[in-house]
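> So the sequence lines, in the order shown, correspond to chains Z and L.
So for the first sequence, our numbering puts the first residue at 1; every next one is plus one.
So for the second sequence, our numbering puts the first residue at 1; every next one is plus one.
Honestly, the hints are just simulated from the structure, not real lab data.
Ideal Cβ positions, reconstructed from N, Cα and C, are used throughout, including at glycine.
It cannot be assumed that every hint is accurate.
[Said to hold, decoys possible] Chain L regions said to be covered by chain Z (calculated; three or more residues, Cβ under 8 Å):
1) 332-338
2) 393-401
3) 424-437
4) 490-500
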Amino acid sequence: MNPRTTQLDRRRFLQVGAAGGAAIVLSTAVGAQPALATRRPDLRVYVLVVDGANPAEVEPLLMPQLSRLRREGTWFANARSLPVMETIPYHVMMMTGVRPDRSGVPANSVFDRREGVVRDLDRPSDLRFPTVIERLNARGATTGTVLSKEYLFGIFGGRATHRWEPKPVLPVTGHAPDAFTVDAAIAMVDRFDPNLLFVNLGDVDRVGHSDLTGPVLQAARTAALVSSDLQVGRFVEHLRRTGRWNRSVVIALADHSMDWSLVTNVVSVAQILSGRPDLRDHLQIAQNGGADLLYWTGRANRRTAALDEIRRLVRAHPGVLSVQRPDQLRLGAEAGDLVCFARAGWRFSDTTALSNPIPGNHGHPVTEPIPFLVSGGHPAVRRGVVRSEPARTLDVAPTVGALFGLGAPRGGYDGTARTSAFTRLPVSR
Amino acid sequence: MAAVPSRAGATPPRTPPGQSRPRFHHGVASGDPLPDAVVLWTRVTPRPGDDPGTGRGPVVDVTWEVAADAQFRRIVRSGTVRTGPDRDHTVKVDATRLTPGTWYWYRFRCQGSTSPVGRTRTAPAHSAATPRLRMAVVSCANWQAGWFTAYRHLAERRDLDLVLHLGDYLYEYAPGEYQARDVVVRPHDPPREMTALADYRRRHGQYKTDPDLQALHAVAPWVVTWDDHESANDAWAGGAENHTAGAEGEWRRRRSFAQRAYAEWMPVRYEAGGRLYRRLRFGRLASLSMLDLRTYRDEQVGSPVDPALGDPDRTITGREQFRFLLDGLADRQVQWKLVGNPVMITPVRFPNALDTRLADGISTLVDAPLPPVQGVPYNVDQWDGYPVERARVLGHLRDRGIRDTVFLTGDIHSGWACDLPIDGLTYPVNGNSVGVELVCTSVTSDNLDDITNSPPRTTSRAVETAFKASNPHIRYLDFDSHGFSVLQVTPAGAQMDWYVLTDRTDPNAAAVHSVSYRVRAGTQKVEPAPRRLV
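Using the sequences and the hints given, assemble the complete structure.
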């Protein structure tokens, strides 16, 4: 049974028109809406992820709309992501508030020992911790997801009350352009007005990956930043124009930033171990751009010695920054036995040196810095403030939860509610 | 309110005859603030003639008091310590169990005498969201070259959380060996190069009689490190340019004297034989890693084209301190990583478009011969002389995505604001900076116009232009002025104001705001600031 199909079968579909005349298909969980009308709070929270943006790029000339949000809200200047700096785990961390060893989602790509394949963690069942989306739904609020990437659409499945399936999806990139994504977000706001809307804008990341000028100029990416910022502005303007702004809190952030490597700066663990078939033949590699996850598949009694030797050989490569155990990073069993990080300006390419030809990558520590701001027209938002607290993507769920008066999940959050961004919490528990 | 000594005491100390009660001629000081502790310092002169470096005088008990108010109505901590000739009658106390982020007043008592009152402040709690940290930044104060007017102007401000001294707090030279151009404004005591323990103690004692220095010590806690002149010029692990083995004894013994006197006379959480490098923290806002770049470094290369420059094993920090530095830079819990860095880390290439006289002047300033070849590092006593280790530091910043790192530097008697490019080749195109460096000028020590014997801000301007053209990451450079800097750090950015003295040889010189540069959070780039700090 395909869990995604099952969830979709339980949804109602609605086709609405967009500004450009294209049709947008939104789906709604069957039976969800009638119970909500009388209990839902007035607050609206919009989590906007500008996928792959760097905090230094949020400046008035390049991204005037986000800069305005920054100026009119609270900016967390020391915000960073956590390993592994990849899109799926980061969006999961945002919505769960817990580390991968509790959510089950440590990276985009893992080796699934049960199925014996390297695959993306893009199934709803891969995420095993309750998200703030479901928890809000249970409290009578409504939620929506507008996620531009197919694998994000996949993993979040039917959790939200309302969701958009990304369309049109560009070949190769597997994402819907930001203009369409924001069309969908606006349509969802107009049609369903969810209390929490989770939006991923993928252009900056997708263009950045393929920007051949990345190591020096980042010309294409710069254009994408300008374009994505315009879309953010369009969404915010819609909130203002439709009278929603005064009850809106906008949390705008990225999941990771981006780093570029020359074609010569490639690390292939398979190649490093090519002279050691005793190691290579018993190892699975899940490549995540700036990080590789390594899984020992040989005999258990050789595991410790083999991993020590693999660590030694891989660390000796000039493009490798570190090799760590997943438990040191709270990544959980799904992350395998060793996690390798690239230095800035390098990327992993496995299983062959040609497997990862794209210049722009993330997943390694150089891509940790992220923009993270809390803004909006709600009177509780603290304005014109810059703070030093080490905000993390993990903090989104606790912050959203605090805004809606939602208690911590079982076992508590690993993140911190960034309540310093507010003069008061708008919804009491 | 802290006591500000009068300028009348500006001559070398001699206890007045006939005095019977103990005296506190050398003022009071505090330093190394922690959230719950701060170091308090004074020196007591028990009897007439028990002067610094003499080894004379009885063992005495000194009581210290910390109060929550300037009038000492609410004394919150107190204690008694014993001192004597074994530590030159200096007193150093770590006052603990204090409240974070709080102003305190302190004083000492001994046999009926009471010291001047000092004011100090604890650091914010580690988890505190600190909105602002403001500090004076100073270095290179040569007694013989002028008056410590810069310290007085800083002492008159009421907005400093601390004073950062980046080294060359005092100089080792004999009278006439190093002064203001050719003029000894006031001679050193003892009247010889300091090499023995008694010399170092006596020189520290002389400096501590300066009323402007006393005043600045009394108004805020200091955070200090040494550079070379606290021991001898161009010191390294095994010697110094200004040390003659044999005639001046064995280097390690001489250095141990310098370090012992420093431990005795400075308000620092350091005792001789320990490690000076350490880290302080100011809430979530900033950490301050104070480096010691003299004790562990390899010897400087002989010239900027020495192939040994590329030796990957050469170090300016030593292995343990290098690890300490990298660990501090990687701390994700704090936003600004400030580094008290005695010598410049910015790569500086020497332009060859200078006339011979100016090139000679630069050579004298950096204390090394320079070949007329553009592109060689201009000062191998700085990190430029240890480029492989520097590349590891900058690579660490880049590889780990570390932001908001500011190196705060002295030593070079000039003011600089620089980006720290990871790749000089592509920097002009993409500005690939991984941090910044802000360099304060000297309080009094000679700089370029003094060496070339030119009027200030004349010939040096051409040199500055040439340096900036050859090194586009250098955004500000003033080779001539003396003075001080004030640094403010907030979550939004860090800004340094440079103030210059109208005349270092005039005890009544004015301090004039010269220029302000800032680095906005997350940018790793310096830019002119629109206005000075208020």
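> Now tell me, hint by hint, if it's right for this structure.
These are the hints, each one checked on the structure:
As drawn, the stretch 332-338 of chain L meets chain Z at 5 residues by the rule of a beta-carbon pair under 8 Å; at three or more, the given contact holds. Against chain Z, the stretch 393-401 of chain L contributes 5 residues with a C-beta closer than 8 Å to a partner C-beta. That satisfies the three-residue criterion, and the hint holds. For the stretch 424-437 of chain L, the stated coverage by chain Z holds: 3 residues have a C-beta nearer than 8 Å to a C-beta of that chain, and at least 3 were required. Counting residues of the stretch 490-500 of chain L whose C-beta sits closer than 8 Å to any C-beta of chain Z gives 3, which meets the bar of three, so the coverage hint holds.
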